[in-house]
Amino acid sequence: MKDRARLGTPEAERAVLVGVYLSERLPEEPPLTELEGLAEAAGVEVVGKITQRRAAPDPGYYLGRGKVEELRLLAVAQKADTVIFDNDLTPAQTRNLENVLQLKVIDRTELILDIFATRARTHEARIAVELAQLEYTRPRLRRMWTHLERLRRGVGMRGPGEKQLEVDRRLIEKRIHELRRELAAIERRKKREVAARREWFTVSLVGYTNTGKSTLLNVLTGSDIFVHDMLFATLDTRTRRWAIPGWGIVLLSDTVGFIRDLPHHLVASFRATLEEARQADLLIHVADAAHPQVLDQIRAAYRVLEEIGIERKDTILVLNKVDLLADRSRLDAILNVYPAAIPISAHTGLGLDMLTSAVRDALSRLMVELDVQTSVNNGRLLGFLSAYSEILSREFHDSMVRVHCRIAAQHLGAIRHLGGTILAQGPLPSGGDEAWESPSVTSQAP
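Per the working numbering, the sequence shown starts with residue 1, numbered consecutively.
No false leads were slipped in.
Between beta-carbon pairs, the in silico distance windows are: (1) H417 x E178: 33 to 41 Å; (2) R180 x S329: 44 to 52 Å; (3) R169 x T90: 16 to 24 Å; (4) T122 x I172: 21 to 29 Å.
Quick caveat, the hints were computed from the structure, so don't treat them as lab data.
We treat Cβ as the ideally placed atom computed from N, Cα and C, and that holds for glycine.
Required output: the full structure, derived from the provided sequences and hints.
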């Protein structure tokens with residue numbers, strides 16, 4: 001599957017989509033809609049669909065035996081090259097299905113990994129994708145290399161030799177170790193880079209894929225980053241300066257989109273890419289209000305945030321694309337579940353003033369008002385306060401100066417390090433200034 005393939009042309013793979021739903025009801029939107037979007041994003045032409053409801057997956061084929069035969073006949077009739085499951089298959093199930101269908105069979109995780117592989121542009125993203133692919137491939141080596149399950153012989157290879165499968169396993173283990181070490185180094189560097197920008201507040205856009213995060217970033221910052229109506233158009237974090245009226249400059253970052261059942265290997269591999277969100281002072285969770293399963297998508301995004309350990313961070317939930325809603329009652333139903341959510345349209349500009357005001361208020365809660373006392377000769381601290389705080393007044397007593405200011409709580413440690421004595425004027429965050437977190441959450445999952 002390649003991005004350059006065009007649907008309906010000989011280059012595009014032809015695929016039949018399969019979905020097994022382990023519940024009594026099908027999803028609210030038409031079955032396999034999201035999988036079809038993923039397939040099209042991978043350059044695949046969808047030529048057929050099959051769904052089945054089951055109490056539990058068949059251990060050998062995931063589908064029932066009768067449905068497997070129905071799938072085989074449909075694939076032959078449509079001249080399909082590939083069968084794509086909207087479920088995660090075991091290596092044995094994949095092997096059994098391929099034996100019966102005589103076609104390539106891939107599951108949801110493998111499809112998402114393929115899309116990420118074609119979209120990765122930076123060195124960091126390519127490493128993350130390669131690691132995730134190898135983690136996925138490792139338990140499936142036997143299926144992929146059955147044609148090499150033989151003893152190697154020849155000059156220099158006399159004796160019992162070694163199975164190619166074992167060689168491949170060791171090579172993969174070695175490569176995984178190398179990639180993990182390289183990603184760990186990238187993650188450490190990323191943390192230093194993010195920490196070096198602490199003179200500005202940082203805000204990260206997070207949420208389900210294709211909800212309009214990149215469009216919102218362009219509108220708020222005046223940038224022109226790539227925007228396309230497709231799943232996972234953005235894999236790499238992009239950061240731009242956002243001038244908030246009445247506040248000042250903040251750094252706004254666009255991050256990789258989330259998806260239902262996002263492969264665990266990808267979440268682990270993209271921890272470095274998501275470092276901007278992990279270190280952000282505030283998250284803006286962008287949801288597609290016009291999507292039939294918007295509530296499920298919001299919950300799925302919160303689950304990913306929990307998996308990467310940032311679910312407790314201050315978050316503003318915005319409901320984008322409200323201009324596409326023909327029925328106001330659908331928006332009211334979402335607001336009934338998330339009453340603090342802000343309806344917006346990044347396309348028309350509706351609600352952006354309300355969003356900006358909410359961001360300004362949330363960031364203001366990260367500030368603390370205090371008095372700092374130091375020597376009049378302490379030029380480093382006085383310069384630091386001039387650069388990073390709003391100075392409200394100064395009082396001089398002999399060789400000392402007392403500065404009354406408003407400053408981000410994250411800078412309290414630096415003030416003490418530079419020789420200042422803090423005299424609190426307002427309530428300081430509990431738990432110490434170094435590990436301070438905002439106690440208020442604008443909007444969070446129920």
